[in-house]
Amino acid sequence: MRPSTETISSSSEGANAGAESDTAVAVPRGTRILMRGNEALAQAAIDAGCRAFFGYPITPQNQVPDYFARHMPKVGGVFLQAESEVAAINMVYGAAAAGARVMTASSSPGISLKQEGISYLAQSELPCVIVNIMRGGSGLGNIAPAQADYFQSVKGGGHGDYRTLVLAPWSVQELYGLTREAFEMADRYRNPVLVVGDALLGQMMEPIVVPEEVVDPASLPRKRWATDGAKGRHRNIVNSLYIKASDLEEVNLRINARYEEAAKREVRVAEERLEDAEFALVAYGTAARVAVTATEEAREEGLRVGLLRPISLYPFPAGEIASLADRVKAILVAELSLGQFVEDVRLAVAGRCPVHLLGRSGGVVITPREVVEALRRLVDETRG
Amino acid sequence: MAVQKQESALFHRPQALEPVRMHYCPGCTHGIVHRLVAEVMDELELAERAVGVAPVGCAVFAYNYFTCDMIEAAHGRAPAVATGVKRVRPDLFTFTYQGDGDLASIGIAETIHAAARAENISIVFINNAVYGMTGGQMAPTTLPGMVTSTTPYGREAKAAGNPIRVCELLAALDGPAYLARVAVTDPRRVRESKQGIRKAFQAQLKGLGFALVEVLSTCPTRWGMRPQDALDWLEEHMVPYYPLREFVVSEDLRGST
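Here the protein sequences line up with chains Y and S, keeping their order.
Each residue of the first sequence is one higher than the last, beginning at 1 in the working numbering.
Each residue of the second sequence is one higher than the last, beginning at 1 in the working numbering.
Calculated directly from the structure, the hints in this document are not laboratory data.
Just so you know, not all the hints are guaranteed correct.
Said to hold, decoys possible - Here are a few chain S residues that sit away from chain Y, every Cβ distance over 10 Å (derived from the structure):
hint	residue
1	47
2	156
3	198
4	240
Stated by the list, open to error - Below, a list of computed lysine-lysine pairs in the DSS-like style, where the Cα atoms sit at most 27 Å apart:
hint	chain 1	residue 1	chain 2	residue 2
5	S	206	Y	74
6	Y	264	Y	223
7	Y	231	S	158
8	Y	155	Y	244
9	Y	223	Y	74
10	Y	264	Y	155
From the three backbone atoms N, C-alpha and C, an ideal C-beta is built for every residue, glycine too.
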């Protein structure tokens with residue numbers, strides 16, 4: 001309980017209290033600082049020119065709304081704690097329709113509740129950023145790190161013929177960078193962009209460098225399609241209803257063309273030790289952090305192993321994975337679910353080499369040792 | 001004696017209404033309420049800075065009928081959508097136009113919380129006690145005993161629950177600046193309805209907070225009545241259950257017209 005009505009400064013603010021400015025908020029820039037994942041992504045949104053956040057409390061992402069509640073008033077932005085996840089995503093819908101850069105964040109069960117709104121946002125061609133700090137599921141599950149919302153994230157999630165663009169950071173620095181990038185992508189493709197982390201990434205503190213340059217919202221181009229008052233122009237309508245099947249298909253084809261464009265321009269991967277690898281690990285986010293440690297351990301044990309880490313989950317790096325499959329004897333997928341991400345890897349590999357899965361569920365995080373042992377089994381089977 | 005014949009139109013289509021044919025059924029009162037909303041928009045010169053939010057239900061196509069910017073919302077979410085617009089652009093005028101299923105059933109959480117927040121938006125709420133668009137099912141405002149496609153033996157409280165009186169419910173909150181229930185059954189009441197809509201819009205323009213006008217309306221098609229009979233039925237059955245009056249009028253709104 002915090003009964004006081006006086007301003008309470010948080011631990012992360014303490015180091016730079018009083019250093020408040022209009023656009024930059026109180027965070028030291030251009031130098032290494034220690035920051036929590038959830039706070040870094042919130043700062044990234046403000047630095048991207050986002051001045052509106054609508055959310056609802058859910059663990060393990062609560063530092064996100066807390067951060068906005070503290071800092072949005074300082075930059076003239078909007079923070080609103082909605083009555084539900086459903087209301088929050090529809091507030092996002094309204095703010096996006098009015099032309100604003102806008103964001104919401106939640107965790108798995110809350111993201112399920114937002115799916116209706118995400119479907120409407122996609123069909124109405126509205127940009128926004130949604131962060132999912134994933135937790136163990138299904139149902140209420142628990143608040144431990146998981147990657148079990150992969151299907152929901154990359155296959156559409158809500159009803160209909162749409163996708164969300166999905167970025168998967170693996171560090172606090174990337175949570176910052178990719179959240180900023182997500183706003184640019186959302187506006188570029190007029191589509192919701194999802195940033196997926198998990199309890200581990202959201203909660204941990206890591207050194208990051210927050211860049212000097214920030215986006216001034218006033219510098220952003222006006223969105224000609226926005227419902228922001230029909231002054232000097234014909235009315236704009238933001239809508240997802242098309243009674244004629246051929247009309248709806250036309251809109252869906254237009255949206256789909258943007259996904260194809262994104263597939264050409266937005267695929268991102270990172271590689272570790274793949275140059276001479278005989279065997280490859282493929283993993284993203286927290287599982288990739290474990291996998292990179294396992295790569296080093298396996299190398300020390302004489303296994304020529306490397307890691308391919310998708311950073312964009314949609315568009316999926318299918319071409320990169322296919323060419324990897326041509327170069328290695330077998331692939332081990334490590335993920336924090338019982339086999340979701342691995343399906344897309346197998347589709348990309350298309351039988352070029354064996355693909356095995358090491359998956360843990362329910363919030364259990366894979367250990368590097370488990371990965372090395374799974375690699376050893378893979379090596380034995382492949383040579384067997 | 002020469003009588004000077006000078007023709008002048010006494011009745012115009014409001015500027016804020018698009019010159020298009022509406023999809024509403026014959027005798028439906030949505031058209032009247034649309035007109036009232038448009039007249040008030042004209043009088044308060046709102047069309048160039050208004051953003052309307054259409055519901056899911058019979059008024060789903062409202063976005064085709066007003067000349068201002070329009071957003072089509074998910075079922076029941078119009079108050080949340082309007083909140084999003086208004087919070088990022090307080091200079092815009094934002095109203096929602098919602099039916100009883102949209103506002104009082106699937107969207108009652110959004111309605112109550114927008115009211116509790118004193119969200120500075122205006123809501124036009126059409127209560128015709130039935131789901132029109134989907135085929136005449138029970139609404140949250142369907143009267144006891146009333147026959148609908150999902151209460152074929154008449155609405156019985158024990159099985160199907162009791163109707164919700166939205167204005168009375170919201171009047172218990174501190175947030176609303178203006179709450180009124182009106183009806184569009186005869187010319188006098190139509191004029192009163194317009195006054196209600198005008199006050200609800202002015203509440204927002206004055207920054208007073210949440211305003212809602214509940215308009216008792218007819219649905220001759222789903223009620224299975226001729227339009228005049230439907231108006232009589234509304235008067236006879238709905239008005240006693242849903243009393244017409246102002247429930248909340250902010251002090252700062254009194255005396256304004």
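Mind checking the alpha carbons of residue 223 of chain Y and residue 74 of chain Y for me, to see if they're no more than 27 Å apart? Distance of about 25 Å is within 27 Å: holds.
Verify that the Cβ of residue 47 of chain S lies farther than 10 Å from every Cβ atom of chain Y, and report whether the claim holds or is violated. Violated, because the least Cβ-Cβ distance between residue 47 of chain S and chain Y comes to about 7 Å, which does not exceed 10 Å.
Mind checking the alpha carbons of residue 264 of chain Y and residue 155 of chain Y for me, to see if they're no more than 27 Å apart? With a Cα-Cα distance of about 18 Å, the restraint between residue 264 of chain Y and residue 155 of chain Y holds, given a limit of 27 Å.
Is the claim that residue 240 of chain S lies outside the interface with chain Y correct, judged by CB distances over 10 Å? Check passes; 33 Å lies beyond 10 Å.
Are the Cα positions of residue 206 of chain S and residue 74 of chain Y separated by 27 Å at most? holds, 26 Å
Please verify whether residue 231 of chain Y and residue 158 of chain S have alpha carbons no more than 27 Å apart. violated, 52 Å
Does residue 244 of chain Y lie within 27 Å of residue 155 of chain Y when you go C-alpha to C-alpha? holds, 25 Å
Interface exclusion of residue 198 of chain S relative to chain Y, criterion Cβ beyond 10 Å: About 20 Å separates residue 198 of chain S from the closest Cβ of chain Y, which puts it past 10 Å; holds.
Next pair to validate is residue 264 of chain Y with residue 223 of chain Y; report whether the Cα-Cα distance is within 27 Å. Holds: residue 264 of chain Y and residue 223 of chain Y sit about 24 Å apart, inside 27 Å.
Quick check for students: does the CB of residue 156 of chain S sit more than 10 Å from each CB in chain Y? Check passes; 30 Å lies beyond 10 Å.
Checked against the numbered hints given earlier, this structure breaks hints 1 and 7; the rest are met.
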